[in-house]
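Participant: Here's the letter readout for the chains.
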Amino acid sequence: MSRAETGAPAAPVAAVRPSRPLWTLALFRSELTTTFRRWRTLALLGVLAAVPVLIGIAVKIETSDGGTVGQGGGGGEGEAPAFFSQITNNGIFLVFAALAATLPVFLPMAIGVIAGDSIAGEASSGTLRYLLVAPAGRIRLLLAKFTAVMAFCLVATLAVAVSGLATGALLFPLGDVTLISGTTVSFGDGLVRALGVAAVVALSLVGIATLGVFISTLTNSGIAAMATTVGLVITAQILDTIPQLHGIHPYLFPHYWLSFADLLRAPVYWDDLVKNLELQGLYAAVFGSAAWARFTAKDITA
Amino acid sequence: MEETGAAVETRGLTKRYRGGQLAVAGLDLTVPRGSVFGFLGPNGSGKTTTIRMLMGLIEPTSGAARLLGEPMPRAARSVLPRVGALIEGPALYSHLTGRDNLLRYDAADPTADPRTRPARVASALDRVGLGAAAGKKARAYSLGMKQRLGLAAALLQPRELLVLDEPTNGLDPQGMREIRALVRELAGEGTTVFLSSHLLDEIEQVCTHAAVMAQGKLITQGTVAELAASSRGRLSVTTPDPVDAVRVLKEHGVTDLVTLDERVVGELPQTPLELADLNAALVREGVRVRAFGTERASLEDAFVALTGEGFDVAG
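Residue numbers (the numbering used here), protein chains in the order written: chain E, 1 to 302; chain X, 303 to 617.
Certain hints may be false.
To be verified - Using C-beta positions, here's what the derived DEER-type ranges look like:
#, chain 1, residue 1, chain 2, residue 2, range
1, E, Leu42, X, Asp428, 29 to 37 Å
2, E, Lys275, X, Ser396, 40 to 48 Å
3, X, Asp428, E, Arg29, 21 to 29 Å
4, X, Asp474, E, Leu32, 37 to 45 Å
Treat the hints as calculated values from the structure; they're not laboratory data. Quick caveat: nothing in here was measured; it's all calculated off a predicted structure. Beta carbons are placed, not taken as given, at the ideal position from N, Cα and C, and that holds for glycine.
Using the sequences and the accompanying hints, generate a full structural model.
Facilitator: This is the structure we're talking about:
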């Protein structure tokens, strides 16, 4: 090593190493593996995957006497949740039922945990300062965090969808799919639509995910950021049900969540789907910029 | 700020936290290249804030800092890959193994070659003596092992500058010796080492230069020899007649006299004094002298004299 013979007040020893564009991607890969190797992440995915199984078993038991869901106490009683009544005829509806059941609470809560912990968790464990002096670069680290959280949105949605499809295929017959609009399409077409529904559900979570990452840049406590994000999910859901506040409803991130069902019409009813994606994009832009502004100017004292 | 050959240079570096608390006030620090620089100061004196500003983690309120000749935090992307740091203790992913922790930190460096990554991680682990524990989860590590892993993270690349904040914290005496040996070895390779510690004898053993901070201000900086010399040496006389000895020494201008059984210790006066004459004077007055001599001033004496504060030397 040539460093050894340089004297005390020597000129710079090691040559400045250039940063290669491809090498900078290592952080993104590291972020993904670190996120998905954590027990907490796997536990969240496990819980999400268990929901369709529970729904499937419940429907199977309830209809084992040959009846259908929601008929128990005679016609007048409240109807079963969306898609539940079709599950017995076609297992693929378990995918839609499970997504409809998890989207309001379970999925956003899981995202809230992962997104809220993204920056604040690193801050509270102190690893943030070492990543930054590595030097990860603040913008690059923030982008890597966003990428990992978005990947979790997708994987979490797929966990529900795939588990729903597997359980549905196991417990119920599969076949041609009768859409909400009454048209019948082939099972293949139904699968494609199921994939589309999963994609839309994953994109529906972009708003809360970005909001969570922004909240995560505000504090050095991972728990506080997670709790705040999950609290916001619940608050938004409650506000969305208060009719007097209908003026703000179109701006609440969960407002158009259930519009994914419109993909199950022929022809597809795009209005609310597009509104949903626009709203999620708006949240991503606003809170993404806020997270960038906050994180790049923040004093890292933890 | 003019570029000099210094590894670290700050001019008027100041940090006022929100709420008005002045953590660092007008710091002018110069760390020469190739030095092992001891950064001393009581708790809360602004050492850590200074280190965080140097590393680009905290934005200075005013003033400027240069690391390896380049301005921080502007040049962070090109400078920091050449700097290894241990800041306020190690921080690890407890669910990852020691090796995976280092792989992650190395992946965060955009100048780190992924092809040599496993080899560099393995050699960094060996260098701090963690080779055998590399596959253990970090949550199972003892404090000393975590400290070693933090050091290993600072050694993933050949560095020009190492910033080590309390590197021997939590280590047993054997571990401390190993770290001191490692610091000397790195310094021998030409790496500048910036070492903050509250263990004064540690600084004295390994450092060539030192600076002392108190209440956010730099009190002094220079070579360790200069600093220790700035505090006058102490006179020590062993005698069965301590009362007479104290009287005679006082007459000759020795101050701060303390008697411990048969031993009298005092500060020599600022004006040079021929010690032989002093000894002769004692004997002339009938004081029976068993031992007579000066004790070299330690850095601790210099430190206490400068900051006026006690210091937990035993750690």
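Participant: Take the hints in turn and mark each one as holding or not.
Facilitator: Status of each hint after checking the structure:
1. A hinted range of 29 to 37 Å holds for the C-beta pair Leu42 of chain E and Asp428 of chain X, which are about 32 Å apart.
2. Range check, Lys275 of chain E to Ser396 of chain X: about 43 Å between beta-carbon atoms, so the 40 to 48 Å window is met.
3. Taking 21 to 29 Å as the suggested C-beta distance range, the pair Asp428 of chain X and Arg29 of chain E conforms, at roughly 25 Å.
4. For Asp474 of chain X and Leu32 of chain E, the Cβ-Cβ distance of about 38 Å falls inside the hinted range of 37 to 45 Å, so the restraint holds.
Consistency note: the structure conflicts with none of the earlier hints.
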